[in-house]
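Engineer: If you read the sequence shown in my numbering, its first letter stands for residue 28, the second for the next number, and so on.
For the record, the hints were derived by calculation from the structure and aren't laboratory data. It should be emphasised that the depicted structure is a prediction, and the values quoted were computed from it without experimental measurement. Yeah, the Cβ is synthetic: ideal placement off N, Cα and C, and Gly gets one too. Hints are all accurate, no fakes.
Below 25 angstroms or equal to it, Euclidean Cα-Cα: the simulated SDA-like pairs (lysine to any residue) are: (1) K396 x M350; (2) K81 x E187; (3) K347 x L304; (4) K213 x S57; (5) K388 x N290; (6) K81 x Q153; (7) K362 x R286; (8) K465 x R411; (9) K136 x Y253; (10) K141 x L336; (11) K65 x E274; (12) K466 x Y405; (13) K178 x I564; (14) K213 x R286.
Derived CB-CB ranges, DEER-like: (15) G68 x I260: 28 to 34 angstroms; (16) M578 x I175: 26 to 32 angstroms; (17) A541 x K604: 51 to 57 angstroms.
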Amino acid sequence: MKKIVLVSLTAIFLFSFKSDSFEEGMFPMSQLNSLDLKNAGLEISINDIYNESKPALVNALVRLGGCTGSFISNTGLIITNHHCVFSSVASVSSSENNYLENGFYASDKADEIKTSLPCKITMSYQDVSEAVLEGINTNTPALEKQEIIEKNRKLILEREQKSNPNLTPEISEMLVGKSYTLFLYKTLSDVRLVYVPPKNIGKFGGETDNWEWPRHNGDFSIVRAYENGLPYIPEKHLEVNPSGTSEGDFTFILGYPGRTYRNQTAQFLDYQNSYVLPIIADWFDFQINAIKDFAGNDVDMKLRYSGRLASLNNTSKNFKGKMQGLQRTDVIAQKYSNQKKLADFAVNNSSFKNYQPLFQKNKELNERKFALARDYIYLNELYRNGIFSGAAFTQINNESIQSLSKDERLSYLEKNSSKILKQLSSYRGLESKLSLEKKLFSELLYQLSSSNLSEIKFLFDHKFYSGFSDSRKSAYKFAEMLWESSKLRRIQKNNSLMDTDLAKFLKTNDELIAFAARVNRVFSGMQKEMIQVNAEIDAIIPRFNDIEMEMKGGSFIPDANGTLRFTYGYVRGYEPKDAVIASPYTTVSGILEKTEGSTNTDYFLQSEFVKKMKTIEPADVLKSNANGSVVVGLLYNMDTTGGNSGSPIMDSKGRLVGVNFDRAYTATINDYAWNESYSRSIGVDIRYVLYIMKYFGQADEVLDEMGVKL
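From just these sequences and the hints, can you work out the full model?
Structural biologist: In structure tokens:
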């Protein structure tokens, strides 16, 4: 991997980290040399992890969709999580070939199944902060600053794309309004399924165990990347250590963690805890129940919605864990306390004299944001609804062509017709899920109908809603009447309605579209205010960061942002609550304890699987020293978040010993803060991966490719 780092990036990030706090951090590659990894337990050199001049471990890493993966052979094999390929497997499954339920294995490359998963490999990175911030000074208004940044980013990306036509350039914000890095990625668009365990193995424990410990699921899958129709040959692939780890062993993870918010303001956490987390968790729970009722026992319908349900369940439980964590800890109070210290430091430091008013301004801006929060969130969700989104889209385009001349209208339609038709064509498939979308539409209307904001109350000043109370029943009737009165519903049965005369169709006006027009006007005003408020808050954050870096004397780790990071720690248990001690390993014995005699469908395991687990004599290398049973899951104190799913867990010698897939429930607040006492991440142990592939999947060909002999 090539590295080009300018002085500004080094000045911001490269500080010495003391050994008493080394376990926390999702470190960019530019910070590795500042870490005392040898003293922590690393037995290889930093150059073996990241190297400018020759392939190193980072060259085995890939960004796979929203997850991480790693090459485990020189023929393009990639290991990642089962849940990372879940939707891809569902999309190629049917009631006749249900790979999601039964698993999949291609012993021959010709039998591998192509997916739509994008695979990206980091090729280089370069600090471009100076170029991104060109034309900005301390007096630049907040919105103008964002516009300049966006314009500069676009110009840089266009230039880089021309210079590197075979690579994908991306610019990532490392510190809000302050530091930006250009990454170049090699994109492989041909990724095929090789080995997927049965659902009852890969997702054992289901939603019952999601975000929990102890864990017993085989959350792994194997795919293969291709380039020009041939298996991709990576610069580096990981060696597998079938022996795994022991308690207390040093471990590290490389991956693409999605997003953390540790450098945000105290009010940001308050906003999340008071509005985003509870509202979205409740709304997602409503969707989950509605989808389950709608799908019933229809196998194909369950497959169709399996990915969406998994995503909704995952987010809902994650958000509930965050709320519980924020309530049980003093994270928010500590944030406010630290912010007060920053304000006091600014008062007593002449260098930050001009920064002092920013603390009051930040408070006032967030008060405006909080006032709009609830309704703004629900309106955002309304635009995702299958019934409303098409009406809103039609109205927006209708409004766009009203003031145009005939020639201008023709030009507009010629330019935008494919996009318009694609959006509206979603109505053609609406009939098969109409009852579900109506239920979701009416629930959003019900939530909005109880608003205290006058502009939201205006939406329900409608003849269809006249005389109705603010109840779910009334909201459903309102939604029903809007839909039944709409000409849009005819698209379901008449595909030619749009195709004959798009301009005429866009002039369609009915009660649903008229309602969408009201919502568009209200939401547009709220959106402008939120954009302005957020821009002004974002302009303040870099100045708060300046004060914090001065006060702390350095030691500033940028928030995770989907770029390549390094974290390290130890295989270690913990005490999640009083009198509960969580050991760092689970075994197959625990699977049998959970499944036998249980009526919980999340713990169901086919009788043949149970029999195998009881009778198979696995290789000794896969067994736990404690009870002689095969090791399944492992727990460690490394600093991870969403996006780290599928990240390789490596031992002190850089060998693969597991695959990260989750955090403990107490660690869902890692996005906001990390703490040794409650932050634990969860992985599937390499010993269980090999056990399932060898004895359940008979995947000997893949094991040979991986260089594993059992």
